[in-house]
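Using the sequences provided together with the hints, build the complete structure.
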Amino acid sequence: MSITIQGVSRQFGDFTALDEVSVEIPGGSLTALLGPSGSGKSTLLRVIAGLERLDAGTVEIDGRDATALPPQRRGVGFVFQHYAAFRHMTVRENVAFGLKVARRPKAEIRARVEELLELVQLPGLADRYPAQLSGGQRQRMALARALAVEPQVLLLDEPFGALDARVRQELRAWLRRLHDEVHVTTVFVTHDQEEAMEVADRIVVMNAGRIEQVGGPRDLYEHPANAFVMGFVGPVTRLGELFVRPHDLQVRRQPNGTTAEAMVERLVHLGFEVRADLVLGDGQRLQAQLSREDAEELELARGQIVFVRPSRTRQFADAAAGPPGV
Amino acid sequence: MPSDPTAQATLERPIGPPPLGVATTPAGPARLLLRFVALGYLAMLLVLPVGAVIWRALGHGIAPVWQAITAPDALHAFWLTVLIAGIAVPLNTLFGVACAVVLVRQRFWGRRLLDAVIDLPFAISPVVIGLALILVYGQAGWLGSWLADRGVQVIFSLPGMVLATVFVSLPYVVREVTPVLREVGIEQEEAAWTLGASPLRAFLQVTLPAIRWGVAYGIVLTTARALGEFGAVSIVSGRLAGQTETMTLYVENRFEGFDLVGAYAAALVLASLALLTLLVMTRLQRKDGS
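Same order as they appear, the protein sequences are chains L and E. If you read the first sequence in the numbering used here, its first letter stands for residue 1, the second for the next number, and so on. If you read the second sequence in the numbering used here, its first letter stands for residue 1, the second for the next number, and so on.
Hints in this document: simulated from the structure, not taken from any laboratory. Source: prediction; values computed, not measured. For each residue, glycine too, the CB sits at the ideal point set by N, CA and C. Among the hints, a few may not be true.
Claimed, not checked - Label pairs and their in silico Cβ distance ranges: (1) L:D65 with E:L143: 44 to 54 Å; (2) L:R210 with E:F108: 22 to 32 Å; (3) L:D14 with E:D115: 19 to 29 Å; (4) L:A56 with E:L94: 33 to 43 Å; (5) L:E93 with E:L94: 22 to 32 Å; (6) L:D14 with E:L143: 37 to 47 Å; (7) L:F12 with E:L114: 18 to 28 Å; (8) E:R107 with L:A56: 15 to 25 Å; (9) E:L94 with L:F12: 28 to 38 Å.
Right under this line is the structure:
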């Protein structure tokens, strides 16, 4: 069930949410729409669902033009950041809603609801109300509700955004496993590059209403198309015109002709990883990322003089648009 | 609401400083004075007059009261009042909910104007509303002459009285539903759409249950206002006893004609209806708070 989006534009007053966006989402994939807030990623998701009107462009789902179809007839399941649980209905009634609308026989509805609650690990909570569930449980209920009608496409809008870090971590892994089981074409929106990298097999990076790059997590990290993508999908530090990942910055105690002299301004110990803020002779700041072992071997300390050399760099024509030494 | 433990605590401790950490009104004499003024104000303006009506009505026993309220004109006035409320309240409920949906969910030119105009009946004296209705729907009015040619008489008959009542009680449902609807948002409805529900079904099954206490509260207020309306209805009705006389008009009519027992008995019926709506209202508030 592939999705093809062509030349889609959407304007809200003076604000351009989507600017002639075209993208192809292959059937069965788990795709992340990644971007900062205001990049148009949620609008694009709502466009696929039919919840947002278009100013221009077309949306095809499974090869059929869906541009004029209302959300009821697109075969999409939608999961909202704040769950959109039907508050006055029990968990069972929530999950059964779509099946009741479709007028399925009662016995079938009952069996399907049980099956889905099993799938989202909520058995035994069928008669609770949403208010009696935790955030994570509510979101899993919302997912079961969306899956009940066997959508061709599952759309999730910042599904873990309202949850605390630990639950978010659990649900990410769980969503990945669920997708491997159910195989429904899934698109989810996130502003968290780590979440996108961890869960998705394809990432669409968006910025200011446009698509910057589409690719696999590793692809984007290793071969970013421009300074924006380089800065958004991972940490980056600047060395003049060059963009360097902090872990690609080699730190030595001795100069070797190709190195630059720098002073350690600050050290941050994060368990396995050590981050060093460095200042070059000309006042330029940069960051290095080392393993704990390497840092111990170098006997890094604040105020110490070291010599650095990037092992891998990238240069972009749009360097000015890139993030300032994040 | 009653579930608030601090409110309970202050109620049970009428004298002395509040326990640490409980925010209440200033301590000591100032607090007692404040309470005295608040209760005294209520007693003088509300409890005493309403109590007096009940006392005066029942002063000569139940029999004259029963006789007065079962008089043909009184009965007619009673049924006419209920009939008018029975038409005006459903109309304003439908209009009010629809209007709240438009105000909360749509952005269009003139939305702020509409928002302000809704409150007009709160601001304008009902007498003015009555006169305005006569200007439009009277025999010589813009719409009135057109309607009269087609055999529909609005002023001095039921349609005009319903119009006047609809007008004065129009804002209540809108004002009660708007904030609740805004708080509920549209996401639940959107979720229902993606699950295949039509917009109407999504609204009725998903949003309406979520805003039902707001709607119910609005209906109660509208009903109370419709039952008690005097000024606008007085102008457009022509006040024909036994024909276009509502409960409030009947009370005034009896009072002017020195039939005090009749006036107080009818007033008692009106007051009882008001107390009943008040009772329903507090029950709804309690449910809403839980």
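Outcome of the hint check:
1. L:D65 with E:L143: 44 to 54 Å: Once the Cβ atoms are compared, 49 Å apart, the range 44 to 54 Å for L143 of chain E and D65 of chain L holds.
2. L:R210 with E:F108: 22 to 32 Å: At roughly 30 Å between Cβ atoms, F108 of chain E and R210 of chain L fall inside 22 to 32 Å, so the hint holds.
3. L:D14 with E:D115: 19 to 29 Å: Given range 19 to 29 Å: holds, Cβ gap about 24 Å.
4. L:A56 with E:L94: 33 to 43 Å: Roughly 38 Å apart at Cβ, these two residues keep to the hinted range, so it holds.
5. L:E93 with E:L94: 22 to 32 Å: 27 Å, holds
6. L:D14 with E:L143: 37 to 47 Å: Holds, since D14 of chain L and L143 of chain E (Cβ atoms, about 43 Å apart) stay within the stated range.
7. L:F12 with E:L114: 18 to 28 Å: 22 Å, holds
8. E:R107 with L:A56: 15 to 25 Å: 21 Å, holds
9. E:L94 with L:F12: 28 to 38 Å: 32 Å, holds
The structure shown violates none of the earlier numbered hints.
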